[in-house]
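Student: Numbering follows the numbering used here, in which position 86 of the sequence shown is assigned residue number 86; successive positions increment by one, without gaps.
No false leads were slipped in.
Below, computed lysine-lysine pairings styled on DSS-like, alpha-carbon distance capped at 30 Å: (1) K98 <-> K53; (2) K70 <-> K53; (3) K70 <-> K98; (4) K106 <-> K70; (5) K106 <-> K53.
It is worth saying that the hints were derived from the structure and are not from the lab.
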Amino acid sequence: MRSQFITSIVFISAFIVLTLAGVKPVKTQLKQNSLQGCTTVYSFPVGGNLISKESESQINVREEPTVSAKVSDFGNQGEPIYVTQVFENNADGYCWYKVSFQSGAKGWVRGDFVSIFLASLAEAPLCSL
1 MRSQFITSIV FISAFIVLTL AGVKPVKTQL KQNSLQGCTT VYSFPVGGNL ISKESESQIN
61 VREEPTVSAK VSDFGNQGEP IYVTQVFENN ADGYCWYKVS FQSGAKGWVR GDFVSIFLAS
121 LAEAPLCSL
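Please construct the entire structure, taking both the sequences and the accompanying hints into account.
Tutor: Take a look at the structure:
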């Protein structure tokens with residue numbers, strides 16, 4: 001009984017110390033960049049999903065991080081992904097994310113079609129890396 005009380009006090013104290021120390025939630029590890037669709041991520045892999053203004057449109061998955069690269073596959077609005085790398089392409093003005101899908105497909109997607117969320121790998125979509 002006494003050990004449970006001590007454990008509770010330790011956890012509460014740790015929570016208060018971390019709160020007062022200014023520990024920020026994981027979402028603050030994202031920083032907007034000046035390139036279109038670019039969010040700097042400080043650790044990979046990270047979960048996310050594809051986004052589009054048009055719900056029925058297919059999203060190009062390319063072999064290289066540029067608009068002129070060959071389209072190797074397509075993704076759909078809301079499809080879960082893992083982001084494994086980021087490339088800031090100043091030549092075309094976009095940020096590109098290397099992604100993998102649950103199907104095993106991999107490739108590069110323009111940043112304005114990617115929504116990133118930082119979740120534990122246990123909570124993120126199951127994709128092969």
